[in-house]
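K.L.:
Here is how the chains run, residue by residue.
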Amino acid sequence: MSDSKPLNEWVKDWEALQRQYLGAWSDMLQKMPGAAQPAPAFSTPFGAMPAGMFGAAFGAMPPGMSGGAFGAPPAPAAGWPEGFEQWSRMFGAKGAAGGAGDTVERMLEGGKAYVGMLKSMLGGLGSDAMGAAGGNPAQAWLDAMRGGMGAMPGLSMPGMDAMSANPFLQAIRDIAGQGAKGFGDLPSSFAPFLEQFREQNLSWLRMPAFGLGREHQEHYQRSALAFIGYQNALRGYNALLLKASQRGLELMEGKLAEHSEPGRTIDSPRALYDLWVDAAEEAYAEIALSDEFGKAYGELANAQMRLRAQIQAEVERVGTDLGMPTRSELDSVHQRLHDLRREFRDSQRGSGAIADLEAEVEVLRTEVARLNSALEALRLDANAAPAKDKAAPSKAKSPAADATVRAGKARSKAKKASAKRVGAKAARAAAEAVPAAPIVPVDAKRKPARAGKRASAASARPRSVQRKTKDRRAQRRARAKIALVEQDSAPAARPTSFGDAIDAMRKRVDRSTKPGRLKSVAAQFVGSYKSASSRKRSGKRRSSK
Amino acid sequence: MNPVRISPQKAIEEAAKFQQKLAAGMKTLRELGEVEYGATEKEEVYREDKLVLYRFKGKSRPTAKTPILIAYALVNRPYMVDLQDDRSLVKNLLALGEDVYLIDWGYPDFSDKYLTLDDYINGYIRRCVEAVAKRSKAAKINLLGICQGGAFSLCFASIYPEKIRNLITMVTPVDFHTPDNMLARWVRNLDVDLFVDTLGNVPADLMNWCYLMLKPVRLNQQKYIGLVDILDDKAELTNFLRMEKWIFDSPDQAGAAFRQFIKDFYQGNKLMLGGLKIGRESVDLRNIGAPVLNIFAEQDHLVPPAASRALRGRTGNDDYTELAFRGGHIGIYVSGRAQREVPTAIHEWLSAR
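Sequence order for the protein chains is D and B.
According to the working numbering, the stretch in the first sequence is residues 1 to 545, in order.
According to the working numbering, the stretch in the second sequence is residues 1001 to 1353, in order.
It should be emphasised that the hints constitute simulated quantities derived from the structure, not laboratory data.
What you are looking at is a predicted structure, and each value in this text was computed from that prediction instead of being measured.
Each hint should be verified, as a subset may be incorrect.
[Stated by the list, open to error] Below, a list of computed lysine to any residue pairs in the SDA-like style, where the Cα atoms sit at most 20 Å apart:
id	chain 1	residue 1	chain 2	residue 2
1	B	Lys1215	D	Glu286
2	B	Lys1050	B	Pro1203
3	B	Lys1163	D	Gln348
4	B	Lys1215	D	Ala285
[Said to hold, decoys possible] Not close to chain B: a few residues of chain D, all C-beta gaps over 12 Å, as computed:
id	residue
5	Leu108
6	Gln221
7	Ala239
8	Arg270
9	Asp278
10	Asp291
11	Asn302
12	Thr320
13	Ala374
14	Leu378
15	Asp503
[To be verified] Now the stretches of chain D that chain B is said to cover, found in silico as 3 or more residues with beta-carbon under 8 Å:
id	segment
16	259-268
17	282-290
18	308-317
19	321-335
For glycine and all other residues, C-beta sits at the position ideal for the given N, C-alpha and C.
Only chain D is shown next, with the shape it has when bound in the complex (with noise of 0.2 Å):
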């Protein structure tokens, strides 16, 4: 304000203009007839209005709103944000095309806000107020709202209806008013449930229950008491929002102090509001980084949470009454789904295993190939010097020594496979399947020691048992014969020549389906290859001396 004038003559100036600038407000909403016709263009204190622009609002407007909304403008003393109210009824939600309805609720919700607040501060002050904060509106204003605060039930309110003058905390209420379900509002279609709630005495909830309503009676009463506990919740939750809010005007206090300073003073509107709201953000950041404001923060969470879950419980126990699938029952059907599909996973992950196998074998037989080509050029050598080659074999070790030393050169080259894919398994599955190697039978390998056990251990039982055994050991024999047969043929198919060994390799490759079956025919194909390879450079060598 000026400081060249009173501060009542301030005061009744701005009252005159208000009324004035509403009066024009309300003119021209009474001339906005509820009817369709454009409307003329018109001009108000504040320049010239479209008139298409009205003509159109009307024209959209829903139904039951045009007569009685502006056949009744607020009166001039009802203030500016009632006005926000009627710009609301015409462009809000419903009027506004393209999807900014909400856009234009928020806008408007802000707008009511940020012009109710400056009234408030501006022109909503007596003059003794204004006296009494040395004739600065700003500090009246902040002064009546700390008195207000002071005075209000903060702590016996749930939610924050007392505290509504509170730009604030009105502003935190206006994110739930726009549609957010935060932890300080629970869904309305609750309200069926919460209303028996508010209408039961706290005497009974701790009474025990008995006989075949048990279940339900207590049932509410958890209901019940969940409810008491989410209001106490928002009740600690919404004290410490009055607090942010007081701290906000201790801070705007300052912050108008650093205004004082000729050349910094306030001279807008506009730069109060925002100056007001670096304050409250500031305010409300300190509080809410308080560890008590967390505990607020997660304690009103969870016992909306409790809530929640008991009306659902309920929800539920009606839905199985009346025959309609559950959200428990949805829930098992989604869970035993995901819990398939990742077994699936899993499997087509093991297959993937198999792809590299596959892709390792193919690698190996490109290297089969390169090393055939290099064989059949050694052979060629070896054709060439014959009497070499003929003294060789004196020097060589018998089958079944050889067969043990490539077993145990298998063995160790399997080892140091292992350490990248191929396990101790393998390294197994490639020394037994050393074509030289005499295979004994694990039983027959067995057989001395056990003999002496089995013996006495039979002649205990009945003789049935006796015959069955005899029966099954008869067949194990068997068995163990035809891999005998089998070994023993095996010679008679060895291949004469390394490379006829890798072709029948390669067959066993082709016929293996198993991923560990691959590891198997892969890691004793390495261990074949190395220590025919280091033979043949033996023999070279040998040769060459």
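Add chain B to chain D, keeping to what the hints say.
P.N.:
Just chain B now, with coordinates in the frame of chain D:
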């Protein structure tokens, strides 16, 4: 001296002007059609459940040999990176010759409530990375993770270092327990099991309420009062509405994934402290062998800079670069400065590797 010197005439004029702008703006608002978003042409290259993997098409063929896969957060829609023609990280990267892919997570519904972080990271992201690698015939790809998607990317790069050539994180929280992390302080006392068991999926409205409550007056009131100032500018208004759509066009959060994210990241701070497991896989940031470019916003109220900066010295590669952007969590994609600075920085950093 009295700090407030507002003449009644000026106050009335300002209020009247406000109303006047509002009136004129209403006309503009009514004339606006549905806001559109997404500036760059894209093709679908892979689809699974509600997820779609897109490849963006630039005006010319990409010159970069290694493609970039963008993994966005689950809590908002990924079209923020390609919001409109003059505000598009994607478009700018394409113009610089990069080959850009994007994971669109879709909108989870109740049938997705049992999706876990294992499903997202070892499942969806892994398969997307493989799909991109296969399509581009690259053994490794560049991964660009944004916000929560950045945290996922760190996990992925730790579990599958052999699949990632370079890792870029944008506004990514690593240390969830910095003193200025308001969200982290709020959820520390949350009984997340009760929360998820009750809600199933976490509703988008509830998430948005939490975000608005970070700065309740600024985000819920002051912003809209500021909107009145641009109501007469159709282009600006369209931009505002597009951004507004993005802010509130939020998917619900799959319950099981949310549960683990809150427990292990926000409450346990395991990405920072260790002990994090995604499915059967352990996450250790030291396993990240790829060079890292960590971009954060200096005025970020959702992911404080300190939360992002914590990545320094924690990966397994000394090749670590930080880029501090002067702006906020959203400005880092859509501000004018972001268009000039961020894509260029990413491109140059990648080109040097």
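K.L.:
Against each hint, give a clear statement of whether it holds in the structure.
P.N.:
Evaluated hints:
Among the hinted pairs, B:Lys1215 with D:Glu286 is consistent with the structure: their alpha-carbon atoms are about 12 Å apart, no more than 20 Å. This hinted pair checks out: B:Lys1050 and B:Pro1203 have alpha carbons roughly 17 Å apart, not beyond 20 Å. Of the supplied pair hints, the one linking B:Lys1163 and D:Gln348 holds, its CA atoms being roughly 19 Å apart against a limit of 20 Å. Between B:Lys1215 and D:Ala285, the direct Cα distance comes to roughly 8 Å. Compliance with the 20 Å bound is thereby established for this hinted pair.
Some Cβ of chain B comes within 12 Å of the Cβ of D:Leu108; the nearest lies about 8 Å off, and the non-interface call is violated. Listed as a non-interface residue, D:Gln221 keeps its Cβ farther than 12 Å from every Cβ of chain B; the least gap is roughly 19 Å. Every CB of chain B is more than 12 Å from the CB of D:Ala239 (nearest about 16 Å), matching its label as outside the interface. At the 12 Å boundary, the C-beta of D:Arg270 falls inside the reach of chain B, the nearest C-beta of that chain being 6 Å off.
Residue placement check: D:Asp278 does not keep its beta carbon more than 12 Å from all beta carbons of chain B (closest about 9 Å). The beta carbon of D:Asp291 is not kept farther than 12 Å from every beta carbon of chain B, the shortest such distance being approximately 8 Å. Not every beta carbon of chain B lies more than 12 Å from that of D:Asn302, the smallest distance being close to 5 Å; the non-interface claim is violated. Non-interface call for D:Thr320 relative to chain B: holds, since the shortest CB-CB distance, roughly 18 Å, exceeds 12 Å.
Consistency note on D:Ala374: stated as away from chain B, and its beta-carbon is indeed over 12 Å from all of that chain's, at 30 Å minimum. No beta-carbon of chain B is positioned within 12 Å of the beta-carbon of D:Leu378; the least distance is around 36 Å. The Cβ of D:Asp503 sits about 33 Å from the closest Cβ of chain B, beyond the 12 Å cut-off, so the non-interface label holds. With 9 residues carrying a beta carbon less than 8 Å from a beta carbon of chain B, the segment 259-268 of chain D meets the three-residue requirement, and the given coverage holds.
With a cut-off of 8 Å between beta carbons, the segment 282-290 of chain D has 4 residues touching chain B; three or more are needed, and the interface restraint holds. With 3 residues having a Cβ less than 8 Å from any Cβ of chain B, the segment 308-317 of chain D passes the three-residue criterion, so the hint holds. With 5 residues having a Cβ less than 8 Å from any Cβ of chain B, the segment 321-335 of chain D passes the three-residue criterion, so the hint holds.
The structure fails to meet hints 5, 8, 9, 10, 11 from the earlier list, while all remaining hints are met.
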